[in-house]
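Going line by line, the protein sequences match chains A and B. With the numbering used here, the residue at position 126 of the first sequence is 126, and numbering never jumps. With the numbering used here, the residue at position 256 of the second sequence is 256, and numbering never jumps.
Check each hint, because a few of them may be wrong.
Claimed, not checked - Which chain A residues face chain B? A few, computed with CB under 10 Å, are given here:
id, residue
1, R47
2, L52
3, F61
4, L156
Unchecked claim - A few chain A residues that don't get close to chain B, going by computed Cβ distances all over 12 Å:
id, residue
5, R51
6, E53
7, I67
8, L75
9, R78
10, D128
11, P152
12, D165
13, R198
14, A218
As the list claims (entries may be wrong) - Stretch-level coverage of chain B by chain A, calculated; a stretch enters the list once three of its residues show a Cβ under 8 Å from a Cβ in chain A:
id, segment
15, 148-162
16, 249-261
Since the hints were derived computationally from the structure, they do not count as laboratory data. Note that the structure is predicted; figures quoted are calculated from it, not measured. Backbone N, C-alpha and C fix where the C-beta goes; we use that ideal spot for every residue, glycine too.
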Amino acid sequence: MSVIEVRDLSLARGGERVLHHVSLSIEEGEVLMVIGPSGGGKSSLLRCLNRLEEPAPDTVFLRGQDITTIPVTTLRCRVGMVFQKTAVFGGTVAENIAYGPRARGKTLSRDEIARLMKLAALDADLIDRPARELSGGQEQRLAVARALANQPEVLLLDEPTSALDPVATKHVEASLQSLREQLGLTMVWVSHAVEQARRVGDRVLFLDEGRVVSVGAAQAMLDAESADPRLKAFMEGQEPARAKAGPGAA
Amino acid sequence: MEILNDLFGGDLFAGLGDLSRVLLAMLFVAVAALISRWQRADLEKDLFWATVRSFVQLIAIGYLLELIFQQDNPVWTLLLLGVMVLIAARTTGRRGENTPRATLIALVSIGFGTALTIGVLVLLDVFAFTPQAIIPIGGMIVGNAMTTATLVIVRLSDDLAAQRNEVETKLALGATGRQASLTQFRRALQSAMVPIIDTTKTVGLIKLPGAMTGMILAGASPIEAVQLQLIVMYMLVGANTFTGLSAAFLTYRAFFSPAQQLRVVGQP
């Protein structure tokens, strides 16, 4: 059974359709990269998977169960999310990481917090540091540790490296890869960087104007020779940006 | 005035006493308008209309109060209070244009704050339920409650829009809408309560407040005036708190769907 299955999902906002009949499935332990141009519906799709946007009933399933029938706070613990721009809350790194469990009346021990920091490749010495003093890359790894505190089955990543420099991008990618190896975590990773999709994705889904244009194994699909014309145009449009920012830049 | 009396026949201003003092006071406005013109501050038109409106509104309410004070039926008092609450809610609702159902929220919160405060004052026998007591007291409460409701609604909706990323991050971590907007809820309430708290802290040190000044001018002893002023201050703190809390509660609720999704105007 797929971890997440989307069946014929459409979404309208302000009278305008942002997703058109999207269907896909995500398997256990898989990293699915969702790529496409800005405004193509990538973030809207991701937000439907944890009900930050409301999908119609019987369109999104978590392990076979319609997500609109799962209590929403439970769903969001099972399907964690890391945003493009990390919102760092007031207080220490430890307090930030413990936010999710605390919202449900649970306390995390310092050992548990330290373990989560290690999983997210965050230096243990930072545990009592005011979270707002962290660098951009550290903030993103804090966001990962914070999401992991809820013990999610799926991690949604909404362009987590797009605001980072190439070095910080590599660190975040490495920590997420390591997470996948250690925990077998399923990830849906939105990116607009083709090179990143090639580096970290098992499969790639190309979304344009709210429609699934193509989906397939990362290497095969991103092979320029066989690519769909729209995907090819998207990839070619990225070339100058990639050359300027260097590999791994989002 | 005599010309007007001749024109309309009878003593048109009989209930007003000597209006010459009011007209003399208007000289201040005339001087302000002259200064504005001299300094090209472009305030003359606003000053003129503010003066005309305040004159007409207060004279009209004076006659209306005379009429209601002569009635025995408390329904008239309640009706006037209701009209005050409606006007206040409409004013606040216009300010809170980014908040869903802002006028309804304002109506409920101002109405609740006013009803609760007046109810407690009457039940505890601080004031009798007479139009002479309840209408001026109600006016003070509604006016203050309107300011508080506006500050809460506008601040909370602005903060939820500006800090949407933080709120949605908390929602995505499994927080409820209430938990996710707690910081913004507290800030809105605190900022709305600061004026009345500061006024209460400094009362008597910086200025003598309105009710007390009025009583002393009317010949009451300063101690009597202070007693009434203390009642008014504490009453307003209570009314503002009830209104602020209910406005904040209803506003945050208006921004979250039953599935704990943040609804913000201008959502991408």
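Taking the hints in turn, this is what the structure says about them:
no.: 1; hint: R47; in the structure: 9 Å, holds
no.: 2; hint: L52; in the structure: 6 Å, holds
no.: 3; hint: F61; in the structure: 16 Å, violated
no.: 4; hint: L156; in the structure: 8 Å, holds
no.: 5; hint: R51; in the structure: 5 Å, violated
no.: 6; hint: E53; in the structure: 7 Å, violated
no.: 7; hint: I67; in the structure: 10 Å, violated
no.: 8; hint: L75; in the structure: 9 Å, violated
no.: 9; hint: R78; in the structure: 9 Å, violated
no.: 10; hint: D128; in the structure: 21 Å, holds
no.: 11; hint: P152; in the structure: 10 Å, violated
no.: 12; hint: D165; in the structure: 21 Å, holds
no.: 13; hint: R198; in the structure: 27 Å, holds
no.: 14; hint: A218; in the structure: 26 Å, holds
no.: 15; hint: 148-162; in the structure: violated (count 0)
no.: 16; hint: 249-261; in the structure: holds (count 4)
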